[in-house]
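Student: If you want the building blocks of each chain, they are given just below.
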Amino acid sequence: MSEKLVIIGNGMAPGRMLEELFEKAPGAYDVTIFNAEPRVNYDRIMLSPVLSGEKSYEDIVIHDDAWYAKNGVTLLKGARVTEIDRERRIVTAADGRTASYDKLVIATGSTPIIIPVPGHQLPGVLAYRDLDDVDRMLEIARGGGRAIVIGGGLLGLEAAYGLKRQGMEVTVIHLMPTIMERQLDPPAAYMLKKALGDRGIDIITKANTKAILGTDKVEGIELDDGRIIPGDMVVMAVGIRPNTTLAHAAGLEVNRGIVVNDGMQTSDPQIYALGECAEHRGVCYGLVAPLYESARALADRLAGGSAEYLGSVTNTKLKVTGINLFSAGDFAEAPDREEIVLRDASAGVYKRLVLKDNRIVGTVLYGDTADGSWFFDLMKKGSDVSAMRDTLIFGQSFQGGAPLDPMAAVAALPDDAEICGCNGVCKGKITSTISGKGLTTLDEVRAHTKASASCGNCTGLVEQLMKLTLGDRYNPAAVTPMCGCTDLGHDDVRRLILAKGLKTIPAVMQELEWKTSCGCAKCRPALNYYLVCDWPDEYADDYQSRFINERVHANIQKDGTYSVVPRMWGGVTSAAELRAIADVVDKFQVPMVKVTGGQRIDLLGIQKEDLPAVWADLGKAGFVSGQAYAKGLRTVKTCVGSEWCRFGTQDSTGLGIRLEKFMWGSWTPAKLKLAVSGCPRNCAEATCKDIGVICVDSGFEIHFAGAAGLEIKGTEVLGMVKTEDEALEHIVALTQMYREQGRYLERIYKWAKRVGLDEIRRQIMDDAEKRKGYFDRFVFSQKFAQVDPWSERVSGKDKHEFKPLVVTGFSEAAE
Amino acid sequence: MTWVTIGRLEDIPVRGARCVNTPEGRIAVFRTADNEVFAMEDSCPHKRGPLSQGIVHGKSVTCPLHNWVISLESGAAQGADSGQVRTISVRNDNGTLLLELTELRVAAE
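Protein chains in written order, with the UniProt record's numbering: chain A, 1 to 815; chain B, 1 to 109.
It cannot be assumed that every hint is accurate.
As the list claims (entries may be wrong) - Listed below are the simulated DSSO-like cross-link pairs for lysine-lysine, each with C-alpha atoms no more than 30 Å apart in a straight line:
{"#": "1", "chain 1": "B", "residue 1": "K59", "chain 2": "A", "residue 2": "K797"}
{"#": "2", "chain 1": "A", "residue 1": "K587", "chain 2": "A", "residue 2": "K558"}
{"#": "3", "chain 1": "A", "residue 1": "K503", "chain 2": "B", "residue 2": "K59"}
{"#": "4", "chain 1": "A", "residue 1": "K594", "chain 2": "B", "residue 2": "K47"}
{"#": "5", "chain 1": "A", "residue 1": "K803", "chain 2": "A", "residue 2": "K558"}
{"#": "6", "chain 1": "A", "residue 1": "K558", "chain 2": "B", "residue 2": "K47"}
{"#": "7", "chain 1": "A", "residue 1": "K671", "chain 2": "B", "residue 2": "K47"}
{"#": "8", "chain 1": "B", "residue 1": "K47", "chain 2": "A", "residue 2": "K803"}
To be clear, the hints were calculated from the coordinates, so they are not data collected in a lab.
Taking the hints into account, I'd like the entire structure generated from these sequences.
Tutor: Pasting the structure below:
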């Protein structure tokens, strides 16, 4: 006969505890859960991504109904327990449902603290705790308006970011002089405040709320110093209080939380407490890692074991997209402590380690958090770091010696561990192919296993596996060759093309001793670009070395048909243009018409043979190719700006059109997308583009090196200029610098990372002569590039591309 | 089997391809840098990509859809990929190209 286990609360801690318990002792208990929320167990840490719209409720469910059914758990939803009868071992819910227990786990969690200032009961004052809170926030956010978040801690800042993402104006009110003061030291807090400020979140520190204003609903708040901040919503994120009412009423020992011993037992040996409601060795935890650790100990206890929970060292990460922040331990200064600090202002990196007796006691990382878990591990284990003190701050990969061998982690992976996620290649396949086929270069491994052949994120791991398998026989060349046809890297090839005055692909291959007769599909398009860029007036573009899309000026689709995207300057169109598109759609029976992310219209499913006729019709209406297929200038996205918008500060549409008309037709190492926003509200989403402009009253803030594809990255600021002419000149110069230095297929953000943001700013913003040189070379190159490829082909260029050589067999059959 | 004239060598760009439409489907005819000519079905064994639209290099073509490399001589996929494209005999008679098609492919003849 199974024992009866009753759990009050259905949060993450008891969920994890049950998982462990069912694994250790399946069938040992008959489990009943009382859940005050009308839901299954979901991942509360992920509420912030739900609020910001990056995830949905379904994404964050941990245990669905099927899980409870499969494990025979009785889940009573919407059942709030009101009484524990310890004598008779029965719990009773408000709706009258009861259950008797042999063992009871109290996991009632915590309640957000609401500061009892005047007005705190007004509609629109919210906590940030569960999905209901998030739903209410989203409802208010739908109407736009302003939100005030009280509390600049982890939760408050995540809430602020989420509300900002939902389109609200957000102000954070924080009592202390710096935000997240429990997790961050002042420099990191400064950097975070600045980064959030850049995202449009206003943060007021040293501010105490005096009253919440409003009659029927929230209208704003008043601070102690008399300042009044208007708002439609107030979110209180000032802390949590363990829910102990039930335990207290049942006569259990309660301090701040429900007191438990190392076996998670309360003062009644039949009753345990788990999660945020529990107090262990004087500490109430609010983060998930320690709660999971204690859940594991409790599961072992319930399964008959004797595990002990000894407390946890915690670390914090902020879940705000694009901000990397890690903090752990204690980093206050003290006479017996030393610190190691690394700052890199241009890269936005700050790292600080606090040492005591040669051991790490605190870590704050901002910008680059890759080594967070390694520092945290050293700290938890209390490892003596004196031997590696000199290079400690540079992270794990800079440490020598056996115990820190970065290879160890890879060596320890099992053979079935997946290394390449894109192509689903596991470790065993890679190592066995390396030894079986005697592979010695990365390119060979890519060719034979497909590992690291797609996005390349796993290249480092693959190289480590090669080192592991081949030992000293693997010697990663300092330079990665362009492809298997040469030992030279992209940069060397570019330099030699200029130095030796090489002006054709055969000349490059001959002079630079190519190993193949006519290259491959990797090097030929790259060489073609380098030659087009370096010798715009002399080089004859080699169409056979271009990818099909750039050869036929349309985008190939999976079924061999093409899509056609005409240019819409700055995303602006007209009735005549739309009518012409509609006529083409009817005439050629275009199966799908779709609006693109770059503010244009895509016609999909066009037969290759029809392309010239489609272009001819579009050309009559004034359309030219949108070059949606090109490693070149794609779109310039704009908002309506000062022409229409009540917030617009400059004519963003006009500047966008001007940029597009100036720059269209130019080839670049990889695709280039621009945007111009008329005010910092940034409706054109300029801050994730290759190059973006944010207009402000005083001028134009030029941004660059953003990404919103395989990787997501906010832009970096290049600098501020006063006039539209200057904005154009700086953007064009930046583009030319990238054209001249970028490696083929290297997006601008990767190029910028390689050559350094400061170097780019120095050349474009500070060195007028350099800037002028870049600008002039771009303008010269445009003389040869700005030819509409569609009208050229309508006039007969490359006719062979669009017609079959011969059609045979059909006519005879018909006769 | 019968030899069908499809055109002249110079109709195909060097390191390029043209198509021949037949009742049984499209055939790609390739011309390499050395003026050798090859023909095969215009369909990659991976996802039926049109090989005639790929980049021709050496005696191989790279499929435009997912970069599979196919040998023009054997029709076999190279490297880690495995698959086979049916090749078709092609002859170059002083610049005139002839394709060997089955009776069925040239239909009523």
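Student: Please flag the earlier hints that this structure goes against, numbers listed from lowest up.
Tutor: The structure conflicts with no hint, since it agrees with every one listed earlier.
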